[in-house]
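Participant: The primary structure of each chain is shown beneath.
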Amino acid sequence: MAETVIQNPSAAAGPVPVFTRYGAGVESRLRAHIEMLERRLRQRDAQRRAMLHILADYEQDRRRLARQTERLDNSRRAVLHILQHSHKDKLRLEASRKAMIHIMGDLRETTAEVQRREQELRDKQEQLVQAGKLATLGELTTGVAHELNNPLNNIGLFVGNAVDLIELAVTEKGEIVGELRHAMQQVSKATEIISHLRTFGRAAPVSRAPISLREVIARALSLMGEQLRLREIEVTVDLGPQEPLVVGNAIQLEQVFINLLTNARDAVAESPRKEIRISGAVGSAAVEIAVADTGGGIPPGLERRIFDPFFTTKEVGKGTGLGLSITYGIINEHGGTISVVSPPGEGARFLIHLPLAPADTKQTSP
Amino acid sequence: MTTTLGVLIVDDNPALLQALPRALRLRMGGVTVETADSAAAALERIVTQDYDAIVTDIKMPGMDGLALLAEIRARRPDTPTLIITGHGDNELVVHALRGGACDFIQKPIDRDYLVAALYRAIRAHVLNRRVKNRQLALECCAEELERIVQQLEREPRAVPGGAES
Chain A
0 MAETVIQNPS AAAGPVPVFT RYGAGVESRL RAHIEMLERR LRQRDAQRRA MLHILADYEQ
60 DRRRLARQTE RLDNSRRAVL HILQHSHKDK LRLEASRKAM IHIMGDLRET TAEVQRREQE
120 LRDKQEQLVQ AGKLATLGEL TTGVAHELNN PLNNIGLFVG NAVDLIELAV TEKGEIVGEL
180 RHAMQQVSKA TEIISHLRTF GRAAPVSRAP ISLREVIARA LSLMGEQLRL REIEVTVDLG
240 PQEPLVVGNA IQLEQVFINL LTNARDAVAE SPRKEIRISG AVGSAAVEIA VADTGGGIPP
300 GLERRIFDPF FTTKEVGKGT GLGLSITYGI INEHGGTISV VSPPGEGARF LIHLPLAPAD
360 TKQTSP
Chain B
0 MTTTLGVLIV DDNPALLQAL PRALRLRMGG VTVETADSAA AALERIVTQD YDAIVTDIKM
60 PGMDGLALLA EIRARRPDTP TLIITGHGDN ELVVHALRGG ACDFIQKPID RDYLVAALYR
120 AIRAHVLNRR VKNRQLALEC CAEELERIVQ QLEREPRAVP GGAES
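Protein chains in written order, with numbering that gives the first Met the number 0: chain A, 0 to 365; chain B, 0 to 164.
In case anyone wonders, no lab produced these hints; they're calculated from the structure. Keep in mind that a hint or two might mislead.
Claimed, not checked - Okay, the calculated bits of chain A under chain B, using three or more residues with CB under 8 Å as the criterion:
hint, stretch
1, 161 to 173
2, 226 to 232
To be verified - Listed next, with one range per pair, are the computed distances between beta-carbon atoms:
hint, chain 1, residue 1, chain 2, residue 2, range
3, B, Gly29, A, Ala130, 54 to 62 Å
4, B, Leu126, A, Val236, 52 to 60 Å
5, B, Val93, A, Ala130, 33 to 41 Å
Unchecked claim - Some residues of chain A that are not near chain B, with every Cβ distance over 10 Å (derived):
hint, residue
6, Glu34
7, His101
8, Thr110
9, Glu117
10, Glu125
11, Leu139
12, Thr140
13, Ala284
14, Pro343
15, Leu355
Computed from a predicted structure; not experimentally measured. The C-beta atom is built at its ideal place from N, Cα and C for all residues, glycine as well.
Please model the entire structure based on the sequences and the hints provided.
Facilitator: Spelled out as structure tokens, the structure:
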């Protein structure tokens, strides 16, 4: 076919004589052939153009595809990258999570540790209070021993008298019974002293109950009374008409007043006028109690330090330096405050504020 | 010597002032026991009364037993004073004995011991008084003798003297 295509163009436009040589039939056949050839040629041309079109289209498609592929590839790479990143992130997240869990564990441990320490601290605080109580008790012992010795001595004498009366064959029963009655009174007096000491010294759980400070102060004075009396210290108590009811621990609060009374006792030892004044008033929300003495007062600048543990102005061996710090702790635990003022030339005056018990509470006996 | 003994008990404890005099009356027949509840009250009493013995507690408010002892020694140096001390107050005991107490009684009081100590003190006091009385009597006799001697010296040696010359 291709050979015909090459020959034809010159033939189509070629010289006519060839046709004429072979006659009109040949010529017409040739013409028809040429026409057919031309048709075919046109057809082929059209086909070729169409082909070219298609080719161009195809080429375009191919390019687009290539571009798309490339884009896709980029996307793929990007996705890969992202995936990689995300994997890394995931790893990192995992590590973070693990670290977090670790930290949480640590935190839990630390919390437990802190709680344990807090408990320990609370225990220590209680032990300190107990130690302070025992120290106070130790200081009280001399006075109390004297106090206890008296009823014991009297019991001996009364019972001895009863024995003598019986041995002398005194028929008067009344006399003997009288002596024994006196002895019984002295026994209950001694029992009272001892039971009070025991309650005070006992390491009791720190329970809270509504209690009247009037009673607390009376009990503290019953322990300290003999010592104050022998030292000729005048004690006045004026708490006003209203009942100073607070919610607290009777024994701890008693210790507060024993500590303050002990300090006051030592403060007035060398004073010409020996007086301790306990005064109080009930406010709308708080009870205010003041313990004032006529001693030498507190040197200026020491008003805050005297509440520090182991700080003492007493001679070595005389004071533990614990009394006021324990007092401070107890008052603090009861939601109250304690402070001291000591104007020059006057004695010290300790001021205690304690929240008043809610109005509907009923007092319980310590 | 008087027939009834007088004893003063000084203590600030009212129950003891009830029990102790009773014990002494039961144990020491015919003793008169008076009480004072403070050193000051005791000093008031010894102004008018000369007791055969004084028993005082050592720990008392105001003037204590040692101060009272010193006062008694100054005002009634002859009256024997016994001191009641707490158990184990050894330092106070020594102070009391140095201060002129004739004995000490430890609480809780042993009545036999107290009675014995009181009797001993009173006997010593009585003996002392007797010695003093004798001494006084002797001094009187001595003065009398002296006086007689002087009188004899002043008088002319009339009666017995003639034989010599």
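Participant: Looking back at the numbered hints, which does the structure fail to meet, lowest number first?
Facilitator: none
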